[in-house]
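Asker: Listed here are the chains, written in short residue letters.
There are 2 protein chains.
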Amino acid sequence: MGINMNDTIGVIDLGSNTARLVVYRRDDQGLVYEVENVKRTLRLSSHLRDGRLEREGIEKTLACMRQFQQLLGAYNAATAIGVATAAVRQAANGRELLDAIRAETGLSIRVLSGEEEARYGYLAVVNTMDIDEGITVDIGGGSTEVTWFSGRRLRESVSFPFGIVTLTRMFLPGDPPADEEMKRLQAYVERQFSGCTWIRDRRCPVIAIGGTARNLAKMHQRSVGYSLGSVHHYAMSAEQVDRVLERACALPWEERRQMPGLSKDRADVILSGIAVFRALLAVVNGRELVVSNKGLRDGVLYETVFGAQPADIREVRRRSVEQFMNRYQVDKRHARHVRTLALALFDQLRELGVVRCGEAEQTWLEAAALLHDVGRAINVYESAEHTFYLLSHVLLLGFTHRERLLIAMIASYKNNKLLQQQMARHSDIVGKADKALAETLGHVILLARTLDRSMTQPITDVRLREDGERIVLECVGSGENLMEYALLEDVLAKVSKAWKRPVGFRAVTRPAD
Amino acid sequence: MGINMNDTIGVIDLGSNTARLVVYRRDDQGLVYEVENVKRTLRLSSHLRDGRLEREGIEKTLACMRQFQQLLGAYNAATAIGVATAAVRQAANGRELLDAIRAETGLSIRVLSGEEEARYGYLAVVNTMDIDEGITVDIGGGSTEVTWFSGRRLRESVSFPFGIVTLTRMFLPGDPPADEEMKRLQAYVERQFSGCTWIRDRRCPVIAIGGTARNLAKMHQRSVGYSLGSVHHYAMSAEQVDRVLERACALPWEERRQMPGLSKDRADVILSGIAVFRALLAVVNGRELVVSNKGLRDGVLYETVFGAQPADIREVRRRSVEQFMNRYQVDKRHARHVRTLALALFDQLRELGVVRCGEAEQTWLEAAALLHDVGRAINVYESAEHTFYLLSHVLLLGFTHRERLLIAMIASYKNNKLLQQQMARHSDIVGKADKALAETLGHVILLARTLDRSMTQPITDVRLREDGERIVLECVGSGENLMEYALLEDVLAKVSKAWKRPVGFRAVTRPAD
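For the protein sequence lines, the chains are A and B, in the order given. For the first sequence, this note's numbering gives the first residue as 965, with consecutive numbering after it. For the second sequence, this note's numbering gives the first residue as 965, with consecutive numbering after it.
Only chain A is shown next, with the shape it has when bound in the complex:
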């Protein structure tokens, strides 16, 4: 790939509305996470006059790129990847701008075609979300990219030559816009989308990428008091999208920019943006809009780091869990051993009929086992609370919000009081059945981690034997007097309650090799 492990990569996205620099750190395993993210609102597409970028727009862009270059230097970024979209693509003098940037800063920025832009959006989605078929839409300042994928493979893609800045200029001169203006805009966009047969009546989820989508999600979350501060994988019904749009349309700009969740510098263009989503949902005949916080720049990064092939969802999750472990310095030998023990217990509990779960639950249990100790990166005291905090505040890719909370509750299970607090805080996302599940599986983790409390893997095997009503936990370990056994008594009392069966214990000493 030409990129070293454990280094820093910058991605610059010179869009038609905003320019953004994201700096990613790459760990020993080649997995990435963001360490810096700065945005400047340049509105390049509004500096297009007769197909050319005006001097003022060019100057602003150059100044911004100098600043990005500064910041890349501060992070010691070994690699910088730059891409430019519609405004530069459409400008007759776009090439000159990029040459000037290269001359002044050394940054080389590549102009993407509409199809490339669309494909990067798709790549961002399949590398971060659990969705098999969908229509992606990414609205920029001066263009809108749409793709269709199914079976996680890209099927079609198209770039439309309109974006939030240009649509606002074309259709919405009034403030607030008249009903008629909004209707004309929407009708125009619907006509454009309907021209693609593969979009019409596709009846799958629409996945919305980019700043407009993020703002839409935040506005809705703020209006309902959503309990999780995460927009990635946030799902909204078509009606919910409608309601946000209606509320925003009713306000003049000065009041609209005060709407909770809306970035002030987006208050003028948000209406046309949401209208595009609405039009696409109508043409797709889709019922659900799912927001992706990962977009173009992430697609560009993933291609560089993981290649252009779409990742399997299991691989997406595996990478994200590993990256989480690396980032928060988990003792991986311990974590993997806890996973082995937890899965062994889980299988046997299923056979005994104590837990009735399927593959999804196993996936959550596995992630929880690997991540149960992340909170120790914050502090050894109250580490369960910290584990929950990290898992509910830092994005784990490939899982829905409910799944992320379930994993967080299972991984951090300590006692019923803590679980109840967590449930109370997130009652809009997790329900009563989830609590029961988190309690059952939380005790599996609690038991498994106790069985490696010394972090030295003295217990290599666990068996659950039935003895009438009673279950006997048989541990095969390196001795009789393990710290683990000394701590078991308390834990088994709790486990008996949670599994609703008396649980006894027997130590079996492994013959020395």
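Derived from the structure by calculation, the hints contain no laboratory data. Where hints are given, some of them may not hold.
Because identical chains cannot be distinguished in the list, a pair is counted as satisfied if it fits within a single copy or across any two copies.
Restricting the straight-line Cα-Cα distance to at most 27 Å, the calculated cross-link-like pairs of lysine-lysine (BS3-like) are [unchecked claim]:
#, residue 1, residue 2
1, K1182, K1381
2, K1464, K1228
3, K1003, K1378
4, K1228, K1399
5, K1182, K1378
6, K1296, K1003
7, K1399, K1464
8, K1464, K1396
9, K1228, K1378
10, K1182, K1461
11, K1458, K1182
12, K1003, K1461
13, K1458, K1003
14, K1378, K1399
15, K1461, K1396
16, K1458, K1228
17, K1378, K1396
Once you have looked at the hints, place chain B on chain A.
Answerer: Okay, now just chain B, sitting in the frame of chain A:
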């Protein structure tokens, strides 16, 4: 010191009631934080028969030490320091036990005299708390250590040959104890304390160390729904101590162990423990009990790491802030530059009469400036929220709870909404005046960090010039087109509001060297 930098140190405290292993990591600067903490309740002092430790107690202790040795191995601890207190000190065969431990595990454990034990408690207190004069008390299973310090120097110390296990056995055979039994216990302990003239009527705070103190604090915190999960530096009035004791005395053991905040394995000995605090407060004629979560083992560690001299409170805070920065990977060049800018702004705002603060506020501002970015160790997104989380959940030494919250609010200041949420969560600790202060100083940090947003220190000096009602921020920087200046507009609008003065801006380019 014979201890390398950036290593791991284990401290074993073989007490009369519990044995504990704490593993500390030492960073590049020689500063320490805990990475592991395990406790086993051995009740050694109840295994003393006719002045000798019984076989069973010895076996239990040996097994526990083998487990600790295992764990020390798992952490690759280069150094292990072991100390033993009253039970081993008083046992005629204590030496044999320690020899057996050394033979079986290689761990060498040193028996402390009562005076040494007392001195280590004092060392723990002066190395972690902002108290100039106090009486410390550390109740073990079989002895109680008391010191008096003033001007942060140790003046007197004494060890009494009674502890929670022995007092419970002597005075509290009934369950729940009769009033008379409690009174006799208290009278006995008061007589013992009164024998020391330097304790009598000292009228200073009593600082309570050890497990009993921790449990007392937690019980009180749970009963009032205290909003901070921290016991170190938690202050209680004598009446509050009384009330906890009364509630606990009224319950039989089986119910008492369910009391929120109380460790189940301490339910039998907590009454005599609290009664000792109560008796000491009475003899000292003190009004306040302050709990220290740092005790014997920390004193032992601090002596090894920092020497036996008491640290100045400024040095205590400096070390703790530095350790926090190291632990959460703060970019120190940036942090120190933000401090320089913030302090320069603060001084000039004082001269202009915009802020009316003294030395204490400057200390908080300085800590906040150095720590404003700690949240980035969790995630670059929502890093202000993470900064607040870390500063309100991880102990910063040398500050009271209110001070820690103030620093957290100032360091994480982003907008009024976030500040209000923080205030609402902790309204039992911070009040309205604190909010105003956090807002004023929070804006100083917000401005200072914006002035080094590129993290490359392009702005070396800031001056506030008065221009009628208006204040002009004059920045001396390395150029005209800095990223910092591009971001100033929004921030200055906020700052104007907070400081209640219009704030303008002027860039001055520093002549090239």
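Asker: Now look at each hint and say whether the structure bears it out.
Answerer: A quick look at each hint next to the structure:
1. K1182 with K1381: between (30 Å within a copy, 15 Å between copies)
2. K1464 with K1228: between (54 Å within a copy, 22 Å between copies)
3. K1003 with K1378: between (40 Å within a copy, 17 Å between copies)
4. K1228 with K1399: between (39 Å within a copy, 25 Å between copies)
5. K1182 with K1378: between (32 Å within a copy, 17 Å between copies)
6. K1296 with K1003: between (36 Å within a copy, 24 Å between copies)
7. K1399 with K1464: within (16 Å within a copy, 49 Å between copies)
8. K1464 with K1396: Answer is within; shortest intra-copy Cα gap is 18 Å, inter-copy 50 Å.
9. K1228 with K1378: between (42 Å within a copy, 15 Å between copies)
10. K1182 with K1461: Between copies, since 26 Å is at most 27 Å while 41 Å is not.
11. K1458 with K1182: So K1458 and K1182 pass the 27 Å test across copies only (22 Å; inside, 40 Å).
12. K1003 with K1461: between (52 Å within a copy, 24 Å between copies)
13. K1458 with K1003: Classified as between: cross-chain Cα gap 19 Å, same-chain 50 Å, threshold 27 Å.
14. K1378 with K1399: This pair counts as within: shortest intra-copy Cα distance 13 Å, inter-copy 34 Å.
15. K1461 with K1396: This pair counts as within: shortest intra-copy Cα distance 18 Å, inter-copy 46 Å.
16. K1458 with K1228: Classified as between: cross-chain Cα gap 14 Å, same-chain 51 Å, threshold 27 Å.
17. K1378 with K1396: Classified as within: same-chain Cα gap 18 Å, cross-chain 35 Å, threshold 27 Å.
Going through the hint list in order, the structure satisfies each hint without exception.
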